[in-house]
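Could you build the full structure based on these sequences and the hints that come with them?
In order, the protein sequences belong to chains A and B. Anchor point for the first sequence: position 49 equals 49 in this note's numbering, and the numbering is continuous, going up by one each time. Anchor point for the second sequence: position 111 equals 111 in this note's numbering, and the numbering is continuous, going up by one each time.
Please note that the accuracy of each hint is not assured.
Unchecked claim - Subject to a maximum C-alpha distance of 30 angstroms in a straight line, what follows is the list of computed BS3-like cross-link-like pairs (lysine-lysine):
# : chain 1 : residue 1 : chain 2 : residue 2
1 : B       : Lys132    : B       : Lys220
2 : B       : Lys220    : A       : Lys90
3 : B       : Lys132    : A       : Lys90
No lab work stands behind these hints, which were simulated from the structure alone.
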Amino acid sequence: MNQAIALPRNTTRQAEALLHGEIARILHRITGAVVVIFVLVHVLAQAVLHAPALASLKAGAPWLPVLQSQHWIHAVLYFSIAFHTLYGLKLLAVDLGARLDYRRSLWVIIGLSAVIGIREVLRYAGI
Amino acid sequence: MSITVTAEIRRFDPSRDSEPRYDRFQVTGAENMRVLDVIRSIYEEQAGDLAFQFACRIGRCGTCAVRVNGTPVLACQERCKSHMRIEPLTPFPVLRDLVIDRSEIEERYAGLALAPSRETAHPGRPEPIDPKLAEHICHLDSCLACMVCVSACPAVEERPFDGPAFMLKLRQMAEHPADRTDRLQQAVGAGMLECFGCDVCTQLCPADLSPAQAIREFRKELLFGGRG
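Below you can see the structure in the form of structure tokens.
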């Protein structure tokens, strides 16, 4: 409630600007899709690996356990879970009245999510 | 310092053309010229039939809003780039070239009845108002209605949402102490709940307003009741 009366911007470079909201929205969608697809694939993969009835499929997919232990897949997954959760919580918080800068909050969320993703890579590397 | 700008302008005359085309022009001028300077130069020297709009040239009227390389901007304020694709604002109907039909916008504004509607008769003298609140209402009133935010809004593109500019004006009325219309209900009816909360409107608003914050105030009101 304390804003000064706004004067129009002079000399903008909007067409070159990074649209933070677009990045956030697209990342939120992609990470949501990654989480949903992972859950689906994970359930199917676990069924193939552990259900006796699907043993024949397991024999035909020797690459499946190797794929499951790829560190980059885990990094992407952890980044996606962290980003989707944190950005979702941020949206809830601002709707409930919290005042957060949309640019700073986006970079903080990306940074935190990246740390969590990188931690997974390091864990697999034994560091 | 001078610069040579290559501008591709979307040309379309619904009465004559079956589909739009892009005409390419080159303009040489001062490095700090605005997009509007480029358009005017093209109109004066290369394409006299180019249709575009402007009025104040100082970012006050919002008439000259166009999309430059996909981003909605005020042509009179935006610095030119060496390569620009200039298009009319979406998703509005095009009258010709860069001129959009604003009649639907005006109808929507009129439909929202954006003037304080009182429960009792006006006392005939100015009513006392908290200076902070007055300042806030004046701040919201500096919206240019340029439709840059509506054109940039991803929710407008995907969902039944009138757009951030309308939410901002409704919020201005909701904050007004003399207004008794249910602005929250109007905002919900105009698709307020469809907003993604991405703040693209805040980033692009030429008047440095935050329609997204206005929507958040409405949402808070919806959750907790009362006035924001």
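Hints and how they fare:
Between lysine 132 (chain B) and lysine 220 (chain B), the direct Cα distance comes to roughly 20 angstroms. Compliance with the 30 angstroms bound is thereby established for this hinted pair. Taking the CA atoms of lysine 220 (chain B) and lysine 90 (chain A), the gap is near 14 angstroms; set against the 30 angstroms cutoff, the hint holds. The straight-line distance between the Cα atoms of lysine 132 (chain B) and lysine 90 (chain A) is roughly 28 angstroms, inside the 30 angstroms bound, and the hint therefore holds.
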